[in-house]
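Peer 1: Protein chains in written order, with our numbering: chain A, 1 to 203; chain B, 204 to 953; chain C, 954 to 1380; chain D, 1381 to 1680.
Calculated from the structure, these hints are not laboratory results.
All clues stand as given, with none of them false.
In the BS3-like style, the derived pairs of lysine-lysine whose C-alpha atoms are separated by at most 27 Å in a straight line are:
hint, chain 1, residue 1, chain 2, residue 2
1, A, K133, D, K1594
2, D, K1575, D, K1594
3, B, K893, C, K1261
4, B, K386, B, K487
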Amino acid sequence: MSNQIEKYRRSFLSEVEANVEEGDMVKMCMQCGVCSGSCPMQNHWEHPPQEIFMMIRAGKREEVLSSSSMWMCTSCYNCIARCPRGLPITHIMHGLATYAKRLGLVPKEQPTAKFGQMFWDNLSKKGRVNELKLGLALYFMNGIGPGIKKSLEMQDVGMGMMKTGRMNPMEILGGHSIKDTAGFSKMLAKAFEIEEGNIKNNG
Amino acid sequence: MSEKKIGAYVCSGCGIGDRLDVNQLVNTAKRDGKANEVKDHPFLCSAEGVKLIQDDIDNNGVNRVVIVGCSRRAKTEAFSFENVAITRANIREGVLWVRPDAPEHAETTQEMADDYVRMACAEIKYMGIPSGSGEQDLTRHLLVVGGGISGMTAAIEASKTGYKVELVEKSGELGGMVGKMYKRVPTKNGLQGPVDTGIAAMVAAIEADANITVHLNSTVSKTEGAPGRFDVEIATESGSTNNVRVGAIVQATGFKPYDMSQLPELGAGNADVVDQMGFEALAKAAAGGAIKRPSDGKEVKSVAFVQCAGQRSDKPGHLNYCSGHCCTTSIKQAMYLREQNDATAVVLFDDLRTPGATGEDFYRCGQEKGVTFSKGQVSGVAAANGGLEVKFKDLILNEETAMEADLVVLATGMVANSGPNPYLALDLEAAKAAEDTAQVAVLEKQIEVAPPSILNLQYRQGTDLPHLKHGFNDSHFICFPYETRRTGIYAAGPVRRPMDAHQAVEDATGATLKAIQACENAALGRAAHPRSGDLSYPSFRKEGCTQCKRCTVECPFGAINEDEKGYPQYNEGRCRRCGTCMGACPVRVISFENYSVETVGQQLKAVDMPDEFSEKPRILVLACENDAYPALDMAAAKGNTYNPWTRIIPVRCLGSTNTIWITDALNSGYDGVILLGCQKGDNYQCHFVKGSEIAHIRMSKIDDTLKSLNLEQERVQTYEVSIADIDRIPQILDDMASTIEKIGMSPFKF
Amino acid sequence: MSEVIATNQTILVAGGGISGLTAALEAAECGKQVILVEKGPTVGGRVGQLYKYFPKLCFPTCGLEIQLRRLKANKNVRLLTMAEVTGISGEAGNYTASIKLSPRYINENCTACGECGKAVEGEYDDEHNYGMKKRKAAYIPYNLAYPQRYVLDPRAVGTDDGERAKAACKYNAVDLDMQEETLELNVGAVVWATGWKPYPAAKIQPYGYDRYDNVITNVEFERMLDPFGPTGGKIVRPSDGVAPKNIAFIQCAGSRDRNHLKHCSRICCMASLKQTTYVAEQLGDACKSTVYYIDIRAIDRIDDFYQKVQKDPNVSFVKSKVANIVSGSNGNVVLNGVDTEGYNRYANDHDLVVLATGMESTVPQGVFPEGTVINEHGFIDLEESNGAIFGAGCSSDALDVNRAAQNATAAALRAIQVVTKVAAQEG
Amino acid sequence: MAKREYSFYPGCSSQSGASSINYLRSTQTVCSELDIQLNEIPDWNCCAASIGYAGGGELPRISLSARNIALSQQAHGQQDIVATCAACWLATREAKERIEGHAKIRSGIDAALGEIGLKVESQMPKTRHFVEVLMEDVGLEEIGSKVKKPLAGLKIAGYVGCQTNRPFGIAGESFENPMYLDKMTAALGAEPVEKYEKKASCCGGALMFSEPEKSQALVKDIIEAAYDGGADMIVTPCPVCQMNVEVYQNHINKRFGTKFNIPVVYYTTLMSVAFGKSAKEAALDGQMIRAARLEEIAGK
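Extracted from the complex, chain A is given alone in its bound form (with noise of 0.2 Å):
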């Protein structure tokens, strides 16, 4: 991976195209905007998707990596739908996003980054996601303190869960699982071991 990133250079471009899920799209952008105008979260964008594909060509690529835009994204496919370049956005800003992380350059406080992960960690281990775990973890992320305020602001909302028969206090005890938890964890590293290689292989 070229560490010297010049201005303009298709050095990162090209890393991006190795490397990032659906990279080798960003080079098709014309810098129309509707995918910036078109995003939910635009208003909390600090870079928006055009703006980083020309980043990108740019070889911007710390800033880039770094960013937390790629964050925002709520998977809502607005921008998908109306790119008439038909760039997979959604799928690129995820791909930037796992790039980015692999590479550790993901803000510390990312709140999505950790979320995102705790999800993984969470369905990963058993097959399945547990709601209940995921939530507990998610309000503890930032430690005790933080997570039982948190838990306090959400009581309302557990509780209403519970009542409507929506969230099962017992979960914390195990719940759901896929039967064969063994296969796959054999299956996922299989994948990963397939992608790291990818990734190696091109960089």
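Based on these hints, arrange chains B, C and D on the given structure of chain A.
Peer 2: Positioned in the frame of chain A, the structure of chains B, C and D alone reads:
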């Protein structure tokens, strides 16, 4: 020519018979119009009605036909008779439809109709049957000037149509600019990269084609004659000359790249800063391998393409237009680099202009191949770190930035190789005559730097095709890209308008058709567009000519030269039959067989002039047949009305208006005169270029006449109107009626 | 229907718009026999519906009038209106074309006297005005329509209106028994010039053409300016008939978009620039125009038109493809998007939106002989395998009027070459 | 009418005691009424939804759906896979496309599944949303014919949301203004809110957890637009939408000073009530904000 025998045929259909006294119309035609045969029919355009007329032609010797009924623009299929002169008394659109159907208007409406009958009969009396100009050579032979892709296309296409071609190329080889390119932009859709230029194949085809004679290292040193009989002298570098006769000419002299040395701020002067043609040379030298930079032969790894270099800019010395092709050309060149050098190729553009289906496909193709596009404004290119630094503002990222490049390609524009603008000399003459010293200085300077002539036309109006804008020989008309101002000579390719190779090929093909058409027209002695098919042509009575030269100067098409004795010398093949010369002639010696000072003058005199006390004014309207007259027809069809005092005469062009008509009208007691012509000025709409403008100038001088007659200036008005002025023109006519009401009737009623 | 004579030295031109007229006339004035077929009741096509041309701002009817004069004067062209080419078989120099003739219900006897139009009562959407106003059941399509003959709407046939029209005509021109006919013609070459249609704006869902009254298309806007159009030449908001104060022009509405038309339609940039000058002329300082664009393609020497518009303080440009349109107050709409030059979000209120809708090709499928190449955008490429079938004008690419006329002239020459060869072979 | 059978992918939130168990319950009610049989995919696993990318990356994420597809094929052959959850449906459909379209992904998936002796056949079954089944296979006419208690007098805002709508959506519907919920509402005798401008807006999805402030602002607009349209309740086809729009109304009220209290129901709940089923069968007891008017109708 047999004796003139007039047949007048009055249609009583379409409500004419209900509202007008048809018997009276018939009597008017007989009594006042002196028509030999007069008949009426309830449905004249029916087969039966047409037969009635045809029978008179066939059996009663009628050779002058007056149709009293609808406008000359209506029912043309029905009223089309061979070998006779035809005119119309337009009493449907011109009378019935523009007058309210009420008893109190019946009298004046009938008067209008009767007048139109009189006018038509008067006109036809002076109309001959045009037989085509005497210059009827069929020369299936074209001259193509310029051996680039446009010229070669013209030559090949002409040959394919059965025409012989003289192909003149200034340099030592065919191929032109595209021939110097490595590859070209594809002309078909789909995501394909650059393709072979095809020039070698074209050259081979031309060399193998017995119909095409190639003159290399040659220029056109003299062009005389007219469509169908151009005599061209081709001069070779060695000094020898060839004379050929051709029917028409395609000028495909292409362009030269804008002189990039005028762009030092963009690094011009540095060996590694090249223009697009410079880059083609590098690519051609690389022959598919890695492209190397000129300074040190190093393989190029990073290139910046600077679009709009010295173009779309109003800085002095820059080109103020877009050259149309540079965006796709840069994309193509960037693709070379992607494929051959695996290099970074950044296109810095303002607006990426890749229009149409082929254009947008090519843009996407460039992106797929990894060309980098950035909306950026380049402020400077300078040497740095053994390469170049391109400073620019990234307009998307909104920051001043810079990139390093091994090579910079400046997309400079096209400068047309069009020869001098012929009107420069004439303008200079006029400025000198007007003693406008400032203007003289400006024009003299322009003439000083004018390029050498390309066609060396021996025309009174100058040596080359007139320029439209920025030195390009384009047509002024959107719908008529080949409406040339020098009949039989068609510009094609980037000399006509900035364009890419794809369009140049289409353009040259189209121009070839026009050139062929010009030959065919000349062979039949008929006019080209817009009066296509017209067999009439101007002639003059030498005895009366005062050699004033007005006709030669005012002819918009340079059709009239002067002979050794200073008399006008007509070249009918160049003539577009507008009649501007006729309008110009102070002694009225110029006429067409079916259109003359008399055909109009007699019409206006045929109007029955009520006396001063009848409170029935008469307004003469001379209306351009291209725009004003159709607009009047459409106004009538829409139910717009105007006053019954108006008498309208269509003219070929307002430029054909001879001031004698105005003087005659005023002397005969008309209370007002209106001239309706097309828009003049830079965006002129006059298909005869300056006809309307000239008419305006002539009319501005009519004031003296009015003064001498002691008449008010308001009585003569000239307007620029358009075909869409369907509501405005009736208003103009009514305004004149109001004016007359205000200032009173003309005292010249006898 | 009188007999139509055609041979394999005849050129068939499909489409009576500016391209078809040009191709037909240029070929005819070279002495070739031409059959010009037009699907509708009049020639003139799309340009007949335009108010003005860019960049000269002159009237299209001016050029049409000249073409009509050429047409009327030239016996080499046989014009068939209400006629559609439904099939072509054979090969270069020897094609058989099937032509469907739809009944006009009014024959050549028609003098355009207008009595039938006065007599009928039924009204239908006026196609010439894109349905923005009504026309009578018996009608002349527009001022300059040619042939200058009335048309009777087929929906009126079999109703009292049909009978009224018939009774009103003194010239036996109304023929309610007219039937559809099919002609089989032998021709040597075909110039296909059926032009374009505006891309259906309702398909561009983010812009809500089907949901908001004050979102219109550029072709509709063009009709608005015509003094004989639906608003008498006035620029007004459809919702309340009031003059707008703040118009948005949205470029690439349906063009350069894989969801719609992938190609660039070429004319829309210049069309919008032109339309801003209409606004400036009619409403002056009382109305602002904003052009939302990706690239302004004011190509070649007419770039100066763009430069002129840029200098108008009432016109602004935003480099942005508008993301979507939502309703605002009082019939206004709000355009959401970002100005990509520096990332500035906007939610701009406009009281009228003009969508610069793209050009969709009308080249049909299933009409041409096998091997004829119609590209993915629906245009006819110039291919060897097409034989003597030549696309012209907007059947060959998205073109402006000038290039369409140029291209049609070139197509005419290609067709001439084929029939000339046939003539030479036949001696 | 023959029984319609599908391979069923319920998804994590439809498990007992999970957040959209009420969706599953009402779906089952609708299925029994419409004679639809849903055959659950044995041992299905989570799809990773739209947030799994952070931990999973591309191939591991796709392998999850691939495993479900393989299991479905193993148990139910080429039966269409039907999901009620938008994320489940989308992830499975996307996985299918990606496996079909990218050789590299196909080989990766083959290898990963190979580890556990599974294989995705080259001909994969179609993955469909339950709404597609209702609109395309059953049809509004049949649905309408089952209505026993028309929901007369109810004005309902059809909130379609994102992932049921984009990027695939329901055939014939536009991304910007999908109408099927409105048509369905009308078929059940209620009045759809016309011009519900936020019907396809985003509720924040999973970012409701990580970025609650930002997401709640989105939900606020969605609810406000429903109120503006005069809605009595909101109907939705997506578990995330349902949850996000329903359960945070108190928080939103606190944050923005609003007074929201609008029920958000699944279309299956609406259908169940209209079909004359009990409140329990309609899973009305799963509403955190009670749909009193529906309870009323169900209780009649």
